[in-house]
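Student: Kindly produce the complete structure, drawing on both the sequences and the hints.
Number of protein chains: 2
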Amino acid sequence: MVDSSLNSPDSLRRIFESEDPSSRNADIDDFAVDGCFLDRALDLAWLGAGSTHPNPLVGAVVVKDGRVLGAGYHKRFGEAHAEVIALDHAGHGAEGSTLYVTLEPCSHHGSTPPCVEHIVKCGVKRVVIPILDPDERVNGSGVQYLRDNGIAVDVGVGQERALLLNMKYLKKKLNLGPSVTLKMAVTLDGRIASHPGARDDITGVEARRMVHRLRAVHDAVAIGVNTFDIDSPKLDCRLVDDVESPVPVVFDSRLSFPGGHPWLSGRAPVIVAGRDAPVEKEKELTASGGRVVRCSLDESGVDIAGAIASVFGLGLESVLVEGGAKVFASFVRAGLWDGLYMFVSPSLFGARGVAVSSEAFDKNHLNAELAGVADVSGDVVLSFINKNTRRSMLERLA
Amino acid sequence: MVDSSLNSPDSLRRIFESEDPSSRNADIDDFAVDGCFLDRALDLAWLGAGSTHPNPLVGAVVVKDGRVLGAGYHKRFGEAHAEVIALDHAGHGAEGSTLYVTLEPCSHHGSTPPCVEHIVKCGVKRVVIPILDPDERVNGSGVQYLRDNGIAVDVGVGQERALLLNMKYLKKKLNLGPSVTLKMAVTLDGRIASHPGARDDITGVEARRMVHRLRAVHDAVAIGVNTFDIDSPKLDCRLVDDVESPVPVVFDSRLSFPGGHPWLSGRAPVIVAGRDAPVEKEKELTASGGRVVRCSLDESGVDIAGAIASVFGLGLESVLVEGGAKVFASFVRAGLWDGLYMFVSPSLFGARGVAVSSEAFDKNHLNAELAGVADVSGDVVLSFINKNTRRSMLERLA
Chain P
1 MVDSSLNSPD SLRRIFESED PSSRNADIDD FAVDGCFLDR ALDLAWLGAG STHPNPLVGA
61 VVVKDGRVLG AGYHKRFGEA HAEVIALDHA GHGAEGSTLY VTLEPCSHHG STPPCVEHIV
121 KCGVKRVVIP ILDPDERVNG SGVQYLRDNG IAVDVGVGQE RALLLNMKYL KKKLNLGPSV
181 TLKMAVTLDG RIASHPGARD DITGVEARRM VHRLRAVHDA VAIGVNTFDI DSPKLDCRLV
241 DDVESPVPVV FDSRLSFPGG HPWLSGRAPV IVAGRDAPVE KEKELTASGG RVVRCSLDES
301 GVDIAGAIAS VFGLGLESVL VEGGAKVFAS FVRAGLWDGL YMFVSPSLFG ARGVAVSSEA
361 FDKNHLNAEL AGVADVSGDV VLSFINKNTR RSMLERLA
Chain C
1001 MVDSSLNSPD SLRRIFESED PSSRNADIDD FAVDGCFLDR ALDLAWLGAG STHPNPLVGA
1061 VVVKDGRVLG AGYHKRFGEA HAEVIALDHA GHGAEGSTLY VTLEPCSHHG STPPCVEHIV
1121 KCGVKRVVIP ILDPDERVNG SGVQYLRDNG IAVDVGVGQE RALLLNMKYL KKKLNLGPSV
1181 TLKMAVTLDG RIASHPGARD DITGVEARRM VHRLRAVHDA VAIGVNTFDI DSPKLDCRLV
1241 DDVESPVPVV FDSRLSFPGG HPWLSGRAPV IVAGRDAPVE KEKELTASGG RVVRCSLDES
1301 GVDIAGAIAS VFGLGLESVL VEGGAKVFAS FVRAGLWDGL YMFVSPSLFG ARGVAVSSEA
1361 FDKNHLNAEL AGVADVSGDV VLSFINKNTR RSMLERLA
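Sequences listed follow chains P and C, in order.
Residue numbers for the first sequence follow this note's numbering, beginning at 1 and rising by one.
Residue numbers for the second sequence follow this note's numbering, beginning at 1001 and rising by one.
Treat the hints as calculated values from the structure; they're not laboratory data.
A couple of the hints might just be wrong.
Looking from chain C toward chain P, a few residues come up when the C-beta cut is under 10 angstroms (computed) [unchecked claim]:
hint : residue
1    : A1032
2    : F1037
3    : V1068
4    : H1118
5    : N1139
6    : L1188
7    : R1191
8    : I1202
9    : M1342
10   : V1344
11   : G1353
12   : N1364
13   : V1373
14   : A1374
Partial pick of chain P residues on the chain C-facing surface, computed with a CB cut under 8 angstroms [stated by the list, open to error]:
hint : residue
15   : V153
16   : G190
17   : S194
18   : V293
19   : S296
20   : F312
21   : G313
22   : L316
23   : S347
24   : R352
25   : S357
26   : H365
DSS-like mimics (lysine-lysine), calculated; alpha carbons at most 25 angstroms apart, straight line [to be verified]:
hint : chain 1 : residue 1 : chain 2 : residue 2
27   : C       : K1064     : P       : K64
28   : P       : K121      : P       : K64
29   : C       : K1326     : C       : K1173
30   : C       : K1125     : P       : K326
31   : P       : K387      : P       : K363
32   : P       : K363      : C       : K1234
33   : C       : K1125     : P       : K64
34   : C       : K1121     : C       : K1075
35   : C       : K1234     : C       : K1326
36   : C       : K1064     : C       : K1121
37   : P       : K234      : P       : K326
38   : P       : K234      : C       : K1064
39   : P       : K363      : P       : K326
40   : P       : K173      : P       : K387
All C-beta atoms in this analysis are idealised placements derived from N, C-alpha and C, irrespective of residue type, glycine included.
Tutor: Encoded structure:
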């Protein structure tokens, strides 16, 4: 966490206590400020959620003299890239500016001309990006072009958040297979419901909108059958305009999914059933539009690795897992996740509440690295990346 | 949360989607950037924890063209103020700069000359502060002096974090009585221990150092006797240099506190006992340096309001409550808290873990407003202010 650690009191002390003020490393302070601006570009990028596929989400801000003069994000596949929108937005202000963009700018003619040429033309002085774009037509050549044209380029600030932003796109380009993201909404005391069987809105609407953006960038969204029964969730993206909702996946070992459910006629839900679940029920669901995959059961429910492999076998390339506690624990125990979003509301449910995690864990089992912390209208969004995923991705991105 | 909400995707969308780019309100973007710089000043201020009393904690940064040119904090009572250190640090760079300072600059001769005169002399263009200083010698006159001298002053960014930073100082100046801060360290699933009776380090050392800074700004630090028995905590500030450790307070209804404990000879601990606890034990503890106060017991332990009133009656003006679950729940249930710090580690304890909260709560009972989110070397620090406290403070600060 390069950017955030530089905001810690200790690094400030380090800067501040250097004996000769003139020896102070101004780059360190710039770097912390870079984190602020890159965070804004990352926030912007999320506004394209669900509309940019097969392109990645990208956001950009143009900054000069500490002021944001232009901002943009890639809205829709085929339309202008974030960098171009932000630079045009800044107009003449782009000259001599720093451009913060959440992914390496493109250097090839796709559905739009190469962004790097536009960046050079606008007179940008410095470009800050978290990661390279592994697309074989870019993959370092964007940075090279900028540097060849006298533009300073810094790579690495906000890396973890940028990896999470385009997890599916990046894993695919890096041949790392499909992606799994876990999402839970909890109170400060780690409860997902006020009591067993209760259906509670944990967070406020802005945090829920962020959940809908998360759904919009996933092919599928998965829950356990208990959550399905209790919450009757829509699992759609209704708080975001004009995006397709993901395919629902229900872990339902006994195949109790109700025939006649509206999902069957529209969204071709995937029901993950145990091997012994009734064949008649499978036929009924399949006939009305559902897809049933069979999996082994282990002592705590479905064999999660086998189940998720079957889901991916249907051509779904990314899944957002939304609980409940048992499903969450299964994925964590198996280490089968890439990103984790914990939405925390400033409230407590206490002793009668349902805990987020229904199994016992060792403290180090989660293997999560903090990627970002954000205040979303009074709720907190914590994002984490699986350290194994991070390592694999960075090895191949280098 | 003025600063953070402006960082949300929706406010960015609002900025970005204004139809005519030239009509875009540049101040809105500046305001979000202000939040970043003020956060740095707040982080700096904490470095003075435990050394500035009776002065408040204050941090300052000097920014020009988006770069931090100077930084400072009030290190010790009688020594230079944060503003002056930061401005001197910036040297000639201070001219035309924006000064971010965590409290209204002073306008009176105390142990140092008035900061506002120095700010004017240095040619600062704009000053950003979260709150006024209620000290009767300042209380708006600092802002007035700056404005009278042609300096733009913005008040309000980072308000909640600034209120938390100097809770004891501010409540006292505002005649709002002593202050109570709650602090818990939890895993992502809201557990304070891996199993009953276990003693676990939840967070890493940098987060613990922040806990020690919190202790350093409180007169007393309180725990329940169960936590005392399990953790044998030192409750000191050993990770911070040269500060006095707070007085330990133990909620110990049966007066089982061990005679001969090292605290008795040094730190004059306060033992909160039930009315029926043995008088002989009280005599023994008192003779070796302890202080025993008696309180009524209610069904769930000591009457917390009465207990804390007795503690304050001893001249202790602020208390940091560090658990365990039962004590935490008592304070929350009574609404007897001003600030709450939740240290969250990226880990899970799961089903065998001890929950942070041992009573059942309604979702709205906590009445907490998110003040800040921070990444401290991979752990998360969430800070909250009691909405009632916030309202009372702002009413009197206006």
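Student: List in ascending order the numbers of the hints, as given earlier, that are violated by the structure.
Tutor: Hints 4, 5, 15, 18, 19, 20, 21, 22, 29, 30 and 38 not satisfied by this model.
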